[in-house]
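Listed below, chain by chain, are the residues.
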Amino acid sequence: MSAPATATQAKPEVITFTEAFSRALHDAMEMDPSVIMLGEDIADEEGGGIFKVTKGLSTKFGTERVKTTPISEQAIVGAAIGASLAGMRPVAEIMLMNFITVPMDQIVNHAAKLRFMSGGQTHVPITIRTRTGAGAGTGGQHSDMLEAWFAHVAGMKVVVPSTPADAYGLLLGCIFDDDPCLFIEDQLTRTQTGPVPVKGEIIPLGKAHVAREGKDVTVVGYGRPIRDAMVLADKLAGEGISVEVVDLRTVSPMDTGTVLKSVAKTGRAVVIHEAPRSFGCGAEIAARIQEELFDQLKAPVLRVASRDVTVPFSRVLEAEYLYKASGIEAAIRRTLEKRTQK
Amino acid sequence: MSAPATATQAKPEVITFTEAFSRALHDAMEMDPSVIMLGEDIADEEGGGIFKVTKGLSTKFGTERVKTTPISEQAIVGAAIGASLAGMRPVAEIMLMNFITVPMDQIVNHAAKLRFMSGGQTHVPITIRTRTGAGAGTGGQHSDMLEAWFAHVAGMKVVVPSTPADAYGLLLGCIFDDDPCLFIEDQLTRTQTGPVPVKGEIIPLGKAHVAREGKDVTVVGYGRPIRDAMVLADKLAGEGISVEVVDLRTVSPMDTGTVLKSVAKTGRAVVIHEAPRSFGCGAEIAARIQEELFDQLKAPVLRVASRDVTVPFSRVLEAEYLYKASGIEAAIRRTLEKRTQK
Amino acid sequence: MSANPSFTPATLLAIWRKARQINLIDEKFRGLLRSGRLAAVYYSPRGQEILAAAMGVHLQPTDYLVTTYRGIHDQLAKGIPLKPLFAEYYAKATGACKGKGGPMHITHPETGVMVTTGIVGSGLPIATGLGWASQLKKDGRVTLVTFGDGASNIGAFHEALNMAALWKLPVIFLCQNNLYGESSKYAKTTSVDNIGERAASYRMAGVTVDGNDAEAMWRAAGEAVARARAGEGPTLIEAVTFRFMGHYFGDPGAYIPKEEYEAHLARDPMPATRAAVLASGAATEAELDAYDAEVSAQIEEALQFAADSPFPDVGEIDIDVYGAAA
Amino acid sequence: MSANPSFTPATLLAIWRKARQINLIDEKFRGLLRSGRLAAVYYSPRGQEILAAAMGVHLQPTDYLVTTYRGIHDQLAKGIPLKPLFAEYYAKATGACKGKGGPMHITHPETGVMVTTGIVGSGLPIATGLGWASQLKKDGRVTLVTFGDGASNIGAFHEALNMAALWKLPVIFLCQNNLYGESSKYAKTTSVDNIGERAASYRMAGVTVDGNDAEAMWRAAGEAVARARAGEGPTLIEAVTFRFMGHYFGDPGAYIPKEEYEAHLARDPMPATRAAVLASGAATEAELDAYDAEVSAQIEEALQFAADSPFPDVGEIDIDVYGAAA
Ligand SMILES: Cc1ncc(C[n+]2csc(CCOP(=O)(O)OP(=O)(O)O)c2C)c(N)n1
Ligand SMILES: Cc1ncc(C[n+]2csc(CCOP(=O)(O)OP(=O)(O)O)c2C)c(N)n1
Ligand SMILES: [Mg+2]
Ligand SMILES: [Mg+2]
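Residue numbers (UniProt numbering), protein chains in the order written: chain A, 1 to 342; chain B, 1 to 342; chain C, 1 to 326; chain D, 1 to 326.
Okay, chain A solo, but in the shape it has when bound:
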């Protein structure tokens, strides 16, 4: 290479989501000895996790702090809860989100409620990392986005990052947050890249992020479709359509203020998520916007999401199941058609 030495020694400018998850875990363990981890196959003897996110951690921090568990999701989450009650900050991995159906009692009846039910005497600073997302051809039991369930449970925090840097900062945010957090990693975009985060920089939970400013329409959501929205916003800017993109980052508790501020400005909103449309988180976002901004809205709040069916195996059907970027674009245009009606 002909570039000067400093340049070749410079850090790569981008990292993948997987690297971001890994670094956050690594840095958290380095920052605080009470951070411990457990999950199936996560130690290096088992290859550092089926998705390699935890690779190297057990070697560096010891197999006492990074424990491979049996296939026992109830015990995994329960053990995390118990350890957290004794002052630790456990990070539990539930390999794929469909398996989170197994420890629901531990999460919902215990992790989410112990602070309240104990009158604040105890709390449960655990992070549950899980992974999911349709588009990889893994079918009905390995693709579901179930974040709406947890958003509906008081006491839980639900976080879905849309860039590697956010993934890093938000995962640290979860780990050092004093409440139980569900952190959802997207299976499909895991090798996509983005700018490198600043080491140790925590993104506090509960704040939405205006990922792009605009004035004609607000696109609000979280996770993978935010990436589509950013691309679309660029494209539509060429046509003179100015799209504001609000990335919730923390799905629940939701930063309603930031959403409302944006929609109050643009008068139009398109809500996006990957999960199936009906009874999904988008319904809540839409409901809140129309409740608060009824008189300012120039068009109905539209939702773009996946279909209300089981995730199909065949790619032709899976593609039909998934929300589409073209659907987001169509919805944006539809809200703009309404421009003159009111």
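Hints are supplied without guarantee of correctness; some may be wrong.
[Said to hold, decoys possible] Looking from chain D toward chain C, a few residues come up when the C-beta cut is under 10 Å (computed):
no.: 1; residue: L166
no.: 2; residue: A187
no.: 3; residue: R203
No wet-lab data here; the hints were simulated from the structure.
Keep in mind that this is a model prediction, so the values were computed, not measured.
Every residue gets a Cβ at the ideal spot worked out from N, C-alpha and C, and that includes glycine.
Dock chains B, C and D with the ligands against the given chain A, drawing on the hints supplied.
Here is chains B, C and D with the ligands on its own, set in the frame of chain A:
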């Protein structure tokens, strides 16, 4: 008694919810030998269920068809699924809804999906009866309304009755429906009464019921708060406010058509449910209404629901947690204040 | 573990005192419930006092307890003070949980009462985690988790025991086999003669003892505590006992055959243990009566405190949902 | 149960034929995956052919099977035809599940393949229900549910075995212990030496056999089937084996020590069973080769069918979500 013989022999004019549940189970077992039941303590040797809903059934239909199970909710639902695949119509009792967190995998990954994943070769005609509801002072782990989770899962049907007669007809509807149904019984109103249903009369799932016609505002919801809405509608009629009450009966798949037809007429909607407000089913109802009827709406769609907290033990707090009839009334009035704004 | 430690009259007396406190409180509560002066879900531990006390005398305040809705005996044996406990039953702001948790969710970390759960079997995985934390911190604490016979059939039991055994955690799994789960007889729901045998599925130390026998229970508990403190792993103790008051307060208990009930009554551990204390010479009748009076006075004082305390402010509803924002 | 039935050369050959069919299909699929001509999640059963076949020869088409993502050997041993199976792997409209389920969710009720699940342990409760239905209907069917060693640590295992034992259901719980769950070694996750021992927790018949030994496996399977058909209840069979191709197709398997791998290779049941068939005189080398050719031709034909079949119509997305409205 001095009344003539025919009158004394006439059936009582009202029955309780509990009687309605019991009769539906009884009549279903009588109508179809493939109807079988399982759950904790449900046989007569164990007293016929902790809430006595199954009392008498094992004696009449045999303990082979009415089986008391171990405390094993995963096995209860799994066994129901398996038996249904072999042609039975099992009715599984999950004693209280918070315990449904335990068999979530069986319900969501299996019962709801097997028809789709098998390409229609198999289906899962099970009914899961469960019971819940705040207001009885049973605290954080015995009161939750979690119907929104299941409404978000394609393949599941979710049913919540608001009168004993509906309870009877809808429970029969669930049992004889060919899909997995979740039937939610309200703990608090179980001794309340209503008109007697017609024996054997099935209320088909998927149809909302206009429980009261009106023209100024539509109140839409399901379950316990519908009873409050009916009382309120009477009261407000005295003031010249005409309230239409739409009882969804089947929460999901939702009969959007009936809801939209009503709101198209009234131009105003108040959505009600007992579950906590955020990310609850009311959000979906509100989102759909504003999507489809944006130009007809005279006021934002308002929601009345319980608070976004764990159900507290102390009655003073529990009352504060629960949605209030006065809150429904206030919401109705608020939508009417909007009368002139658009 | 020390081989065969001697069971002294002083130990027997200590067990009696804990058990009797439980017993007097339980009687009091049932009276209050009957008369309507207390309105709360209540799961009487009547019959299970001795086993809880015999376990409790081995524990330090710093040790952890995870128990269930039927947990007042465990909580008292662990040393929870009466005032916050009673005030919680009374749904008051001065309750251990400020009236927000209630009887099924008693928490009192100062005395190690970490979790009381209303979900059958769910305490076992949590206890596993408390034990894991102690193992990591090398703090020498023991975690006791108690549960019923019915709970031994739920999946969480299996997962927790396997994990605790694999990781050699300092956890004691105390199954209080009172022969019924709600109204279901043991044999109707449980496919093994003794739950203690299930320890073999995990190569875990397991034992079945007569939970009504103070000495046998004390020995089994002592061995388990010593094993845990020595870092030698968990123990499953099945303490066979009986619950005399049915599942919940008000349970008519029609599902229990009369002869069966009477046979158990004849083995009621409370009168038997009182007689044993007297026979051992550890205390005189008068001393025991004086103790009863003393405890009764404490109970009255705590009840007065609970009765006099205010209900929580409605503003409490929004507190303790989440911690202070980061 | 008949005492010690004789293991005839004909039986051995029948087992071989099923196993060899599995083996040839597995080899073919791995080739297709490697070359990119097939794109699907795939969990090779390489190493576990004999045990599945030795079980399969005892079953009728009307018996039920519940299996897992690693279930192609079980499905084939149960008699699933190749065309709908392959077409499902190919995500085609002619697949068993119209391309909607995929390899992890193969269903084929005509041959009793009722459920294939991707959730560890979740098939066991469902199998219990299939068995319950057979008991109610007195249809004489047996339900076989297969799962891995790792699955024996999940709660559903415990709940299902307890219920099946209590109710004496005609269910066979076949644990295929291939010594790894994903990349975790057996001993890292399982606290008991032999999973077969866990049957004792349910007073269930339980046995640990060498799953690579056709005769031993055939005997254990036969006893379990006979027990189930006689209404004498369920059996837990642990068949110890090994999986040679790692967890999923493409798994580098770096977590398996080389010596360990080679020791297992030396005990590969396929060459050993082939040799035994020849030694038994049940077939000649030429006959076995002819069988291979015959199966290979069937495979090619079925692959061609799958390749030529259309993908599902996008309209399929809305079908099979719910049944026809009542
Ligand atoms: C997961 C779950 N299922 C069912 C219940 C309802 N329930 C509460 S107590 C109980 C019986 C428990 O029996 P056992 O474990 O023997 O404890 P005991 O009450 O006898 O002390 C049941 C079924 C519950 N609380 N949680
Ligand atoms: C409940 C659940 N947890 C985790 C997984 C991820 N997973 C898939 S296969 C597997 C290993 C299973 O091991 P074993 O039961 O031994 O079966 P094998 O793959 O060896 O046949 C794991 C952990 C899952 N599918 N379901
Ligand atoms: Mg019990
Ligand atoms: Mg395995």
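TODO: Could you tell me which of the numbered hints above are not met by this structure, giving the numbers in increasing order?
DONE: none
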